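S.K.: In order, the protein sequences belong to chains A and B.
First residue of the first sequence? That's 1 in UniProt numbering, and the numbers climb one at a time after it.
First residue of the second sequence? That's 1 in UniProt numbering, and the numbers climb one at a time after it.
Calculated from the structure, these hints are not laboratory results.
All values reported here derive from a predicted model rather than from experimental measurement.
Accuracy of the hints is not assured; some may be wrong.
Claimed, not checked - Restraint ranges, calculated between C-beta atoms of paired labels, are given here: (1) A:Asn14 - B:Asp19: 23 to 33 Å; (2) B:Lys421 - A:Tyr61: 36 to 46 Å; (3) A:Glu19 - B:Arg41: 15 to 25 Å; (4) B:Asn346 - A:Lys8: 27 to 37 Å.
Stated by the list, open to error - Under the rule of at most 30 Å between Cα atoms (straight-line distance), these lysine-lysine pairs were calculated in the DSS-like manner: (5) A:Lys9 - B:Lys37; (6) B:Lys141 - B:Lys63; (7) B:Lys20 - A:Lys59; (8) A:Lys27 - A:Lys9; (9) A:Lys84 - B:Lys143.
Quick reminder that beta carbons are idealized off the backbone N, C-alpha and C, glycines included.
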Amino acid sequence: MNLDELIKKCIKQNRKAQEELYQEYKKMLYVLCLKYCTNEVEAEDNLHDAFIEIFSNIKNYKGRGSFEGWIKRITINKAIARYKQSYLLTAIKDEYPDDDFINENEIDLSLDTILSFVQELPHQYRLVFSLYELDDYSHQEIAEMLSISENTSKSNLHRAKQILKEKIKSKSTFYYSKQKNGK
Amino acid sequence: MENRTEIGKAIRDHLNNLDKSPNDALWSRIEADLNQKRRRRVLAWLIPSLIAVVLSCSLLYLKSDFQEKNQTQQTQSKSEVNTKNQTLKSSKVPNPKSILLKTEPDQITTVSKTKNVKLIKESSKLITSTNEYEEYEVVKKYKVVIRKEERNTKPIKPEVVKKTAKPGFSANLKKASKGKNAKVDSKKTNKNQSTKQNKGKIKKSPFKPTPQKSIEQKDTLIIVKAETSPKITEIKKDSIITIDSLKTPVKATAKREYKKTIYNTKTNELNPDVSIHAFYGPAIFGSLNGKSLINATMDDLSKSHPVSSHYGVYVKTMFDKFGFRAGFSKINLKITTELGQNLITNYNNIDLKSDVNIKDTFANASDIELHQKLSYYEIPLAFDYALKKDDTKFGIDAFTGFSFLILDKNELYLKSEKVEKQTIGEAKNISGVNISYDLGIGFTYKLTDKIGLDLNPIFKYYLNTFKENGEAKPYSLSLQTGINYKF
Numbered sequence: 001m002n003l004d005e006l007i008k009k010c011i012k013q014n015r016k017a018q019e020e021l022y023q024e025y026k027k028m029l030y031v032l033c034l035k036y037c038t039n040e041v042e043a044e045d046n047l048h049d050a051f052i053e054i055f056s057n058i059k060n061y062k063g064r065g066s067f068e069g070w071i072k073r074i075t076i077n078k079a080i081a082r083y084k085q086s087y088l089l090t091a092i093k094d095e096y097p098d099d100d101f102i103n104e105n106e107i108d109l110s111l112d113t114i115l116s117f118v119q120e121l122p123h124q125y126r127l128v129f130s131l132y133e134l135d136d137y138s139h140q141e142i143a144e145m146l147s148i149s150e151n152t153s154k155s156n157l158h159r160a161k162q163i164l165k166e167k168i169k170s171k172s173t174f175y176y177s178k179q180k181n182g183k
Numbered sequence: 001m002e003n004r005t006e007i008g009k010a011i012r013d014h015l016n017n018l019d020k021s022p023n024d025a026l027w028s029r030i031e032a033d034l035n036q037k038r039r040r041r042v043l044a045w046l047i048p049s050l051i052a053v054v055l056s057c058s059l060l061y062l063k064s065d066f067q068e069k070n071q072t073q074q075t076q077s078k079s080e081v082n083t084k085n086q087t088l089k090s091s092k093v094p095n096p097k098s099i100l101l102k103t104e105p106d107q108i109t110t111v112s113k114t115k116n117v118k119l120i121k122e123s124s125k126l127i128t129s130t131n132e133y134e135e136y137e138v139v140k141k142y143k144v145v146i147r148k149e150e151r152n153t154k155p156i157k158p159e160v161v162k163k164t165a166k167p168g169f170s171a172n173l174k175k176a177s178k179g180k181n182a183k184v185d186s187k188k189t190n191k192n193q194s195t196k197q198n199k200g201k202i203k204k205s206p207f208k209p210t211p212q213k214s215i216e217q218k219d220t221l222i223i224v225k226a227e228t229s230p231k232i233t234e235i236k237k238d239s240i241i242t243i244d245s246l247k248t249p250v251k252a253t254a255k256r257e258y259k260k261t262i263y264n265t266k267t268n269e270l271n272p273d274v275s276i277h278a279f280y281g282p283a284i285f286g287s288l289n290g291k292s293l294i295n296a297t298m299d300d301l302s303k304s305h306p307v308s309s310h311y312g313v314y315v316k317t318m319f320d321k322f323g324f325r326a327g328f329s330k331i332n333l334k335i336t337t338e339l340g341q342n343l344i345t346n347y348n349n350i351d352l353k354s355d356v357n358i359k360d361t362f363a364n365a366s367d368i369e370l371h372q373k374l375s376y377y378e379i380p381l382a383f384d385y386a387l388k389k390d391d392t393k394f395g396i397d398a399f400t401g402f403s404f405l406i407l408d409k410n411e412l413y414l415k416s417e418k419v420e421k422q423t424i425g426e427a428k429n430i431s432g433v434n435i436s437y438d439l440g441i442g443f444t445y446k447l448t449d450k451i452g453l454d455l456n457p458i459f460k461y462y463l464n465t466f467k468e469n470g471e472a473k474p475y476s477l478s479l480q481t482g483i484n485y486k487f
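If we strip away everything but chain A, and leave its shape as in the complex, we get:
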């Protein structure tokens, strides 16, 4: 069944078509949820809420833009709503030193470890980092989505990167020292 037929059947609340659509997109959206949520349980809850909303509002999808983009947007909005209370409402008055770089060998860590670093970020930093770095939203778009200023978005992103860098460095130092001691 092609996507258009699937969507038409989902509009008619056909349960089989809904399940097929779920199976088609569950991985992509689950990974998306993992980047925006703090753990797997919350990611599943978010995915659940997102699919309910997708099936409830699928009649509103008019075919403008990709369907994948539409369902991703719903999923991200669900995650934003989940953590909305934690926004920093003021910009951090930091200078933004140009040191958001890292040695390539330092980040040679497992995917789960890197994901956990992202998930451990404070909510507002994680949302801005994921939106900007992982899903290509601009600061202007982020500012609108989170009801914050562009400066707040920029400062939150910078702060998120600093935290990630520290975590990665400490982890890789620990890893290399362990390797040295092992030798």
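Following the hints, position chain B against chain A.
M.R.: Relative to chain A, chain B alone:
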């Protein structure tokens, strides 16, 4: 020289390879919620439709019942009209241009008419037969057209009716009409209705038989049976000796009393008891399964049920033991979740106000409470059954039905020892329109014939509180205390 890369890009490249799947049970959860939502959607249409159908049927039933009763009354009135008309004719006060509509002991209304009484159908059935008499049930169907122009006449005493009661005794009645009753009749003659010509005719032949008259006379027999009173007996003794000598009226008298009783009962049923009630009382709100109305993370937290208010007015209409009530009221509902020293961990379903800083406000608090307040405007519709309705002052009735609720206030606020009230926003999952199933019992105490006191405990189960998912089963208990006025 080491290769350096931008940290965001590096993480993105790594996470692009992430390949994970959600738990297999997740689809079952989604499916269950979709089914629940479908049921709720169907219910949201079904319940109002059912109520509309039930109300329509009830109204139709009551209307048809009214019509039936009116027809019965009309038929009886018609018979009485014929009786009285015949009476007037036999008592030398004939007026072919008038018809008597309503006969009460002390008042008769004469309606000027374009008289058009047409006998459509007649049938008779033998009911009982004894050595002394035979009782027939005569059923007649008339088409009557009456012009609406009323005027009152002087009351006619029962003895006039009595004189015409026995159509078979025209000879005796002729004698009687020449005696005392002739004088009585002349007194009762309406000047507007009688003419010299008419009088003359009646004097010559007061009981001139015609086919229609004979039908009316049969009818008269039934009605006269219905008009039993001590007065009639006395007058009968005075005026119609022949009737007494036949002894048949004695038997007929017992039957008359029976018919008259039925007639009175029907008359009472036609008038519903309508009363207006105003009430104010306490209400408590909760969830039958103890789950949170906000989100599942608060399901296990202890909850309390502050007393709120329920007030409004309703009108109750009772047809004997059955009836219905409808009104307008406001119900305020509150529920408190004890957070202790923890702040809210999951803000799903909470629409936070933008200018609130919860963390700073409740930084060191150890007794934080989350209060949820919902206010609804309510239109209750309920069927009523009187469990106890008698001549005593105390009455009990049971009622059940549905209320349509429109959300007025939806507020979430935090409280602690130090902070009296910090509004944080509202619950996003609460539907703007709700329906509740109501079940209650009403106690009334009559202070006077018109005024009474009410005490109605009511249980409400809310069917459409949430927009989407909601595992909580909200209910409320309220006690309507108030006063009623009976029209």
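S.K.: Now look at each hint and say whether the structure bears it out.
M.R.: Against the structure, the hints come out as follows:
1. A:Asn14 - B:Asp19: 23 to 33 Å: holds, 29 Å
2. B:Lys421 - A:Tyr61: 36 to 46 Å: holds, 42 Å
3. A:Glu19 - B:Arg41: 15 to 25 Å: holds, 20 Å
4. B:Asn346 - A:Lys8: 27 to 37 Å: Since the Cβ atoms of Asn346 of chain B and Lys8 of chain A sit about 36 Å apart, the hinted range of 27 to 37 Å holds.
5. A:Lys9 - B:Lys37: holds, 18 Å
6. B:Lys141 - B:Lys63: holds, 22 Å
7. B:Lys20 - A:Lys59: holds, 29 Å
8. A:Lys27 - A:Lys9: Roughly 21 Å separates the two Cα atoms, so the pair holds.
9. A:Lys84 - B:Lys143: violated, 78 Å
In the structure shown, a violation is registered for the earlier hint numbered 9 alone.
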